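There are 2 protein chains.
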Amino acid sequence: MNRNLEILISDLRVIAQLRRVAAVLNWDQETYMPPKGAEARADQISLIMSMSHARFTGPEFRRSLAELVDLPSGKVLDGGLPPHQVRMLETTWWDWRRANALPVEFVGELVRLTSEAQNVWEQARHTSDFNLLAPYLEKIISMKREEADYLGYEDQPYDALLENYEPGMTTRELTALFESLRTPLVNLVERIRDTDTPDHREILAGDYDESDQWKFGMDVLYDMGYDLTRGRQDRSAHPFTTDFHPSDVRITTYLDRHDITQGIFSTIHEGGHALYQQALNDQYFGTPLCEPISLGIHESQSRLWENYVGHSRPFWTCYYPRLQERFTDQLGKVTLDEFYSAINMVTPSLIRVEADEVTYNLHIMLRFELEQAFINDHAAVNDLPALWNEGMEKYLGITPENDADGILQDIHWSMGGIGYFPTYILGNLYGRQFYEAANNQIDDLEDRIARGDLKTLREWLRENIHQVGRARTADELVQDVTGSPLSAEPFIDYLQAKYGELYTI
Amino acid sequence: MNRNLEILISDLRVIAQLRRVAAVLNWDQETYMPPKGAEARADQISLIMSMSHARFTGPEFRRSLAELVDLPSGKVLDGGLPPHQVRMLETTWWDWRRANALPVEFVGELVRLTSEAQNVWEQARHTSDFNLLAPYLEKIISMKREEADYLGYEDQPYDALLENYEPGMTTRELTALFESLRTPLVNLVERIRDTDTPDHREILAGDYDESDQWKFGMDVLYDMGYDLTRGRQDRSAHPFTTDFHPSDVRITTYLDRHDITQGIFSTIHEGGHALYQQALNDQYFGTPLCEPISLGIHESQSRLWENYVGHSRPFWTCYYPRLQERFTDQLGKVTLDEFYSAINMVTPSLIRVEADEVTYNLHIMLRFELEQAFINDHAAVNDLPALWNEGMEKYLGITPENDADGILQDIHWSMGGIGYFPTYILGNLYGRQFYEAANNQIDDLEDRIARGDLKTLREWLRENIHQVGRARTADELVQDVTGSPLSAEPFIDYLQAKYGELYTI
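So the protein sequences, as listed, match chains D and U. Take the first sequence: its position 303, counting from 1, is numbered 352 in this note's numbering, and each next residue is one higher. Take the second sequence: its position 236, counting from 1, is numbered 285 in this note's numbering, and each next residue is one higher.
Keep in mind that the hints were calculated from the coordinates and are not lab data. Among the clues, some could well be false.
Quick partial rundown of chain U residues pointing at chain D, CB under 7 Å, derived from the structure [what the hints assert, rightly or not]:
(1) 279
(2) 282
(3) 382
(4) 385
Straight line, CA to CA, 30 Å or less: simulated DSS-like cross-link-like pairs of lysine-lysine [what the hints assert, rightly or not]:
(5) D/124 with D/382
(6) U/443 with U/264
(7) D/382 with D/264
(8) U/547 with D/504
(9) U/504 with U/443
(10) U/85 with D/264
(11) D/264 with D/124
(12) D/504 with D/443
(13) U/188 with U/382
(14) D/264 with U/264
(15) U/264 with D/85
(16) U/547 with U/443
(17) U/547 with U/382
(18) D/85 with U/504
(19) D/264 with D/504
Incomplete in silico selection of chain D near chain U, CB under 7 Å [claimed, not checked]:
(20) 66
(21) 85
(22) 89
(23) 278
(24) 280
(25) 297
(26) 488
(27) 490
(28) 494
It should be emphasised that the depicted structure is a prediction, and the values quoted were computed from it without experimental measurement. The beta carbon of each residue, even a glycine, is placed where N, CA and C say it ideally should be.
In isolation and in its complexed conformation, chain D is listed as follows (with noise of 0.2 Å):
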């Protein structure tokens, strides 16, 4: 490799470990860390993540990249290099320009801001005040439209944020590919409602011994080949995935004694996340070749997993057995297909993280609405609860009596996190994508899972996913894995399929 080459690596991997040494310190925060010990992990996290910034954005890595990059267009000089080295230098450019457009005191503001706007979101939501939040709401949504100006974008702001979590995704690819869900998926939720079925998840109610539902978990998590030497479940308030180098991927669950679904999918869910990271090609870490790929790319492998694997008829032909032999009292008389219809009842509903797989996407619909409006369109902040509402209503049907359960309820706007959420839709999209081409280039990859054998998926989104890194954008990983680019068609199938059969319609 040349010397060039090896200085800027090894300027990125000090970034890296930065980045994952503050990882480590917010896994920390969130599960162990004793209550009065925040402030001063505030500071220790504060503190390394501006030295990682540092980093990136200073003269000395300026002039390492320099000497292979040209620094306006990010074209790589030494037309020699194979294309894996081209592509990591192209994409280092691409996070180098973005990182370094923003200046360090805006930076500085905005992670002042958001800290102090998650405090009060959480207050607001508690006492169902939007009006607390509104001023904060405000401030940030006019400094992500100033960010929007300094990243630059060539159609309009909020393509810039999207960027953010989805490099190469624009807000108009992004509209076409939801304009040909919607509808499909409307009448889809209109024609299960016409049916009048009973909620029938009443039959799971119980009280569901944590340490058992633990073990469960484990045992799943072991079948889809989450290596536990190199990673470990803990459980927190809001399960997540974090990664300190593919060596050390680890995840949280949330167990809930009266609700077992929400222990088993988000293991399965943070699973799949985990399984893409440890994947990743160690040989590269600190470079893009080491990182995924996207927000969506990464939601494609946790919804695979969770929707695909973990909501179908294959894997609980295994899985409910050995479920019914550990909550012997509760699931005993509820058989396979009682159990597979309750888990996977259809219900328009108010909070975005219990929805179904279905009008899941429906709730980040009206949020990608919503963002649009307050960025591109200069939305009126307190306009905002009242053009939920009415989305809630035009896409579900329901109205929320407040705004805790209504606009108050996700914590990503305070945090600055502005087109984050189109990415659980693309997540689904992809993943659907994958799961099929898996399931053609796979021999009897239903029966497999339906026999436990989880693992030849998991050895096959390893090959042809997770290793990957971002020596593929998610354009071409779509295009090289599924043959095809990215559509919503084959998600809708699969809706009206599975839907129509548990719903006779």
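We have chain D; now place chain U onto it with these hints.
Frame of chain D; chain U shown alone:
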């Protein structure tokens, strides 16, 4: 406060925060890290520690310090500063001078060498093969001699190393102290041995449920005043205390199903350390005023609680019934006197960490002699096992059958921790003097302990010792608190009285 002082303190805070970040990484490594995360973790810790070192020894810090202190002499420039700020600057300068005395390459080489040596030590101990470790030990000793030369000393090289752990202490002073301790101890051990008392620890044999052991330990910690909103206990292979800020001070314990004393005393010991750290004045965080004075003073706090409280009759008068209640099957028929006598058995034994409070000191004296022999007198590494065995015979009348139970038992030297061992005896001596001062100053201290009132003692320690930080030296603190200089006499008197009664000699 003057502007220069503000800048210096802000520099010190960043350096301190980096060290605490490394402490979080290390805590995780010892408690929850999956095994294969070790390599990436070592890289993270070394990155953060080298950043902290680079800042402390870098040109910016030098400039800040030079505004306040005459760098060659350490004299504080502004005569009008209040005494605690003067002391803060003097102590900062003292640390800075020592950190700067070591060339960066030297530090790096020593870190690499000792990190390798620790792995070799594990293997050497496992196979009881001193020859494996010898070449590493040889290099470590030679580098530590070099380190002493870099650091400088007035009398002998070992002084410089001692001050890594016990600022202000000299080999000469320690030698005199240990001289005064040696004969009374050896005599006491001999007189105890002559009583031919059978080993009555076996009455404690049994299978003790670990979660009940845990709960008992947590109850004691609570009574000691360990604040669990600013700390937590976990399990690890070797118990330790670590602090990330006075608001987040954590301990670990080690539980053994078949030996209940392990968990109890390691919990109380680490609890003693933790009370010190939690009570440091966080208004001065980052500066020496929010740091413990020395390892010896730190150990005085753990020993005071572990031995002078935790191994005392008043303590068990209160806690033994509670312990019996938890372990009726195992302890129901063991009387308080039998229990008290079993946990205070004195028996010469091979392993330091398993030694009782009398013979323990003799283990340390042996190490202190050997350290002087190889640092000051250039004793050959190959002669060390024989010197060890001779020393064991001289002090304890027993000889290890192999080096694993002899010279290979401790990790300290492989870590470069030469000069560390004496602080364990210092802890016993300081601790005894402090305990007696507390006993003089607190009405009915031991009656209080016998009622489970441990917080009065804790409060006294907080006020008189913990919150002082490095505003006082160890010498000054002992004088302030006890009215006398450091002396072995109170400790000897205590042992003679306690064991005279226990063994009726």
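Verification of the hints:
| no. | hint | verdict |
| --- | --- | --- |
| 1 | 279 | holds, 4 Å |
| 2 | 282 | violated, 10 Å |
| 3 | 382 | violated, 34 Å |
| 4 | 385 | violated, 35 Å |
| 5 | D/124 with D/382 | violated, 65 Å |
| 6 | U/443 with U/264 | violated, 42 Å |
| 7 | D/382 with D/264 | holds, 21 Å |
| 8 | U/547 with D/504 | violated, 64 Å |
| 9 | U/504 with U/443 | violated, 42 Å |
| 10 | U/85 with D/264 | holds, 22 Å |
| 11 | D/264 with D/124 | violated, 51 Å |
| 12 | D/504 with D/443 | violated, 42 Å |
| 13 | U/188 with U/382 | violated, 55 Å |
| 14 | D/264 with U/264 | holds, 24 Å |
| 15 | U/264 with D/85 | holds, 22 Å |
| 16 | U/547 with U/443 | holds, 24 Å |
| 17 | U/547 with U/382 | holds, 24 Å |
| 18 | D/85 with U/504 | holds, 21 Å |
| 19 | D/264 with D/504 | holds, 19 Å |
| 20 | 66 | holds, 5 Å |
| 21 | 85 | holds, 4 Å |
| 22 | 89 | holds, 3 Å |
| 23 | 278 | holds, 5 Å |
| 24 | 280 | holds, 6 Å |
| 25 | 297 | holds, 3 Å |
| 26 | 488 | violated, 32 Å |
| 27 | 490 | violated, 30 Å |
| 28 | 494 | violated, 29 Å |
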